[in-house]
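The task is simple: from the sequences and hints, build the whole structure.
Protein chains in written order, with UniProt numbering: chain U, 1 to 551; chain F, 1 to 181.
Keep in mind the hints are simulated off the structure, nothing from the lab. Owing to the predicted nature of the structure, the values given are computational and were not obtained by experimental measurement. Built from N, CA and C at the ideal position, the CB exists for glycine as well. Watch out, some of these pointers could steer you wrong.
On the chain F side, residues computed to face chain U include the following (Cβ under 8 Å) [as the list claims (entries may be wrong)]:
no., residue
1, GLU31
2, PRO35
3, ASP95
4, VAL117
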Amino acid sequence: MKMLSENAKVVLLGLLLVALQGCSSLKESDYVPKSPETLSEWMVEGAMELRANGVKSKSNFYFKQIDENYELAILGDNPVGKPKAVIRGNIYEPESEMLDVIGGYEAEKVAQHFQSVMKASSLSYWVRGLPATADANVTQQGTNLAKKIEEDGWKIYFHDYMSVTGNYKLPAEIKFNGDKKELRLDLVRAETGYLTNPCGQNVSEADIAAANGDETAASDNAVQTLVPRDGSAPLPRWIDEANFCKQLLKIHDNELPDPRVGLYGPDSMMWRLSGMALPGSFGAGRALLLQVAHPWVTAGIDEHSVVRNDPLGRARRTFYHILSVTYGSMPQVMASANQVRDIHEEIEGQLPEKSGAFERGSEYRANEINAMIWVHATLWETIVHMYEEMEEPLTQQEKDRFYEETKLFAMLFGIPESALPADWNEFMEYNRAMWASPQLTVTPAAMQLKNDLFKAQSIWMIFPMWGQEIITSAELPPRIREQYDMKYGWWQKMNYGWMRAGAWTMGALLPKNMERQAVYHEAMARLEGKRLGGVNQFFIEAFFDKERLVN
Amino acid sequence: MTAILFRASIRLVGVLMLAVSLQAQAYDETEYLKPEAFLAKVYGSHVPGISLMPLRGETRKKAEAALGHGYSGMRLRYWEQEGTTAWIIDEKSKDMPMTIGVGVSPAGEIAVIELLVYREPRGGEIHQAAFRQQYLGLSLTEDNGLSAEVDGITGATLSVDALNRVAAMALVLHQAVAGNR
Chain U
1 MKMLSENAKV VLLGLLLVAL QGCSSLKESD YVPKSPETLS EWMVEGAMEL
51 RANGVKSKSN FYFKQIDENY ELAILGDNPV GKPKAVIRGN IYEPESEMLD
101 VIGGYEAEKV AQHFQSVMKA SSLSYWVRGL PATADANVTQ QGTNLAKKIE
151 EDGWKIYFHD YMSVTGNYKL PAEIKFNGDK KELRLDLVRA ETGYLTNPCG
201 QNVSEADIAA ANGDETAASD NAVQTLVPRD GSAPLPRWID EANFCKQLLK
251 IHDNELPDPR VGLYGPDSMM WRLSGMALPG SFGAGRALLL QVAHPWVTAG
301 IDEHSVVRND PLGRARRTFY HILSVTYGSM PQVMASANQV RDIHEEIEGQ
351 LPEKSGAFER GSEYRANEIN AMIWVHATLW ETIVHMYEEM EEPLTQQEKD
401 RFYEETKLFA MLFGIPESAL PADWNEFMEY NRAMWASPQL TVTPAAMQLK
451 NDLFKAQSIW MIFPMWGQEI ITSAELPPRI REQYDMKYGW WQKMNYGWMR
501 AGAWTMGALL PKNMERQAVY HEAMARLEGK RLGGVNQFFI EAFFDKERLV
551 N
Chain F
1 MTAILFRASI RLVGVLMLAV SLQAQAYDET EYLKPEAFLA KVYGSHVPGI
51 SLMPLRGETR KKAEAALGHG YSGMRLRYWE QEGTTAWIID EKSKDMPMTI
101 GVGVSPAGEI AVIELLVYRE PRGGEIHQAA FRQQYLGLSL TEDNGLSAEV
151 DGITGATLSV DALNRVAAMA LVLHQAVAGN R
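The structure is reproduced here in structure tokens:
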């Protein structure tokens with residue numbers, strides 16, 4: 001009884017803190033969405049229930065539109081199953097609508113029932129919260145959000161909206177009321193682009209055909225190219241947008257057939273290692289400080305990023321893209337890859353002073369291949385390092401498999417496969433060479449970034465930031481730790497000891513499914529055709545200020 | 001012992017969650033003007049109903065030429081009254097789209113140009129009235145450009161370019177509406 005009362009106090013304390021800070025900060029911030037009129041390649045999926053002509057039909061479905069052509073697929077009971085019947089047509093030619101039946105009489109009945117009350121071409125607009133014609137009567141509930149549409153004998157009510165990739169909000173719950181007919185759509189998720197083409201808008205087919213592949217990056221010994229033995233800086237190199245697009249096409253068209261699964265999937269080493277909450281959260285500081293020990297990376301961040309004013313925002317955006325590429329569907333992966341390249345494309349300049357292997361005035365670009373390989377390496381070496389420290393050792397075969405998977409990730413950020421170390425052992429040789437190389441030099445700007453990173457911006461951040469600094473100090477390679485002027489004496493060792501013990505205890509006591517981080521659960525929900533919800537939804541909104549990342 | 005560890009764990013998780021959520025900042029976004037307010041600037045108190053323009057064929061080609069890239073979307077919503085048209089168009093500046101409203105007079109000249117929503121952390125200076133003033137009276141050239149050069153803003157180059165593209169696209173669309181009348 002006493003224990004119950006103690007626990008009740010803890011819960012009350014939590015509720016009080018939530019109340020004090022306001023619930024708004026636990027939900028995604030509000031924003032003005034883009035108009036869904038600007039979608040030309042998109043899809044939504046969910047469940048429908050239709051009552052009309054004295055008959056009730058229920059089915060899962062998806063609605064997909066590529067330019068002028070749409071398809072409404074009836075899926076039956078399985079939300080991620082293959083279509084059993086498909087209504088196809090052209091939005092400009094509603095009379096051309098056709099029905100293809102693939103999966104039997106039941107699906108055909110549902111499709112025909114739907115066709116008896118509605119044109120799927122109109123649904124192309126209504127399902128996005130848009131009027132199908134200029135004759136509609138629309139009641140708005142905010143910019144680009146309809147509350148009610150009256151059109152073609154229907155009163156259509158939009159009860160809920162979901163935030164989806166690309167700054168769009170699409171209806172999540174729609175009720176259609178007509179004369180003795182009723183349709184309800186519960187939407188689960190949506191894709192808003194990159195369904196057929198993984199490249200950005202600025203690359204033409206002629207550009208891609210003329211692209212020469214990654215020949216400029218090829219070398220016999222990747223490690224020696226990346227870390228010259230004489231301590232000099234490697235020769236700068238980068239790939240243009242057409243070659244970048246060519247890499248995306250290679251992944252999009254050839255290597256990965258299931259767009260719902262994305263790059264990896266639940267059987268991959270990538271999901272196994274990065275899905276665990278503790279290694280990632282304990283290793284985040286190590287990876288970031290290793291990155292900014294590279295003077296080009298630091299210069300890019302220092303001169304072009306808002307990290308100074310908003311270090312947590314920068315970390316949030318970085319991990320948003322890393323997690324989208326790791327766990328997203330193929331369209332989400334391609335959206336993130338293009339977005340990151342666009343952001344990086346604007347980042348270039350000259351080093352303000354000589355920094356280790358890099359001369360004063362040497363040009364840097366965020367899309368430079370050697371620098372990107374370093375950023376890429378810090379992520380995956382850290383994940384394996386922390387996983388082995390906190391979870392279990394990995395076999396050579398598992399590390400090789402994991403490393404092969406990371407090559408796909410690298411290619412999505414513009415790194416040609418031929419520029420990368422060949423296997424895990426060569427990759428580790430590269431990491432060790434970099435730790436000892438003057439290419440990693442902690443400049444005053446890097447030191448400032450480190451101080452900003454661990455500076456508590458409010459009373460609530462004092463303990464987490466203090467803990468993160470100790471963990472980072474413990475896990476950094478000694479030469480880099482010393483350059484950052486970070487201590488790792490008996491006091492830090494003692495504190496790190498109890499933090500690891502605490503983390504282990506938490507891991508042992510909390511429910512098994514809480515060992516995995518929230519985005520992993522969100523990706524699993526996508527594979528099952530479900531929305532996330534619950535505590536993991538809360539975590540995503542609290543950490544990323546987004547309703548969803550990969551669903 | 002287990003109960004103590006459990007309570008400590010819950011406290012730790014709670015503090016970490018709250019700490020992070022307290023740090024949460026909203027999107028880098030400013031809504032300068034609602035669509036209704038923009039339309040009121042173009043039409044006064046008598047705002048016409050929405051019209052819809054399918055974006056196909058020659059009109060699409062011309063619009064995309066003015067924009068300098070493919071347009072994502074199959075139709076455009078616009079407003080028209082006595083030869084004056086109004087357009088609300090999203091266009092990416094650096095990373096995120098901004099929403100721009102353009103009103104075009106019956107003579108095919110820009111009469112109103114407003115930044116409705118800006119979603120980048122930097123470059124929002126194009127909202128300044130003195131800058132936007134430069135667009136008023138501009139018309140479309142034969143090669144689907146603006147009839148006069150617009151002075152840029154240091155640090156907002158991409159946003160200025162995006163505004164130029166949208167202004168030209170609105171003039172192309174206006175021509176298409178006028179041609180169909």
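Structure-based check of all given hints:
no., hint, verdict
1, GLU31, "holds, 5 Å"
2, PRO35, "holds, 6 Å"
3, ASP95, "holds, 5 Å"
4, VAL117, "holds, 5 Å"
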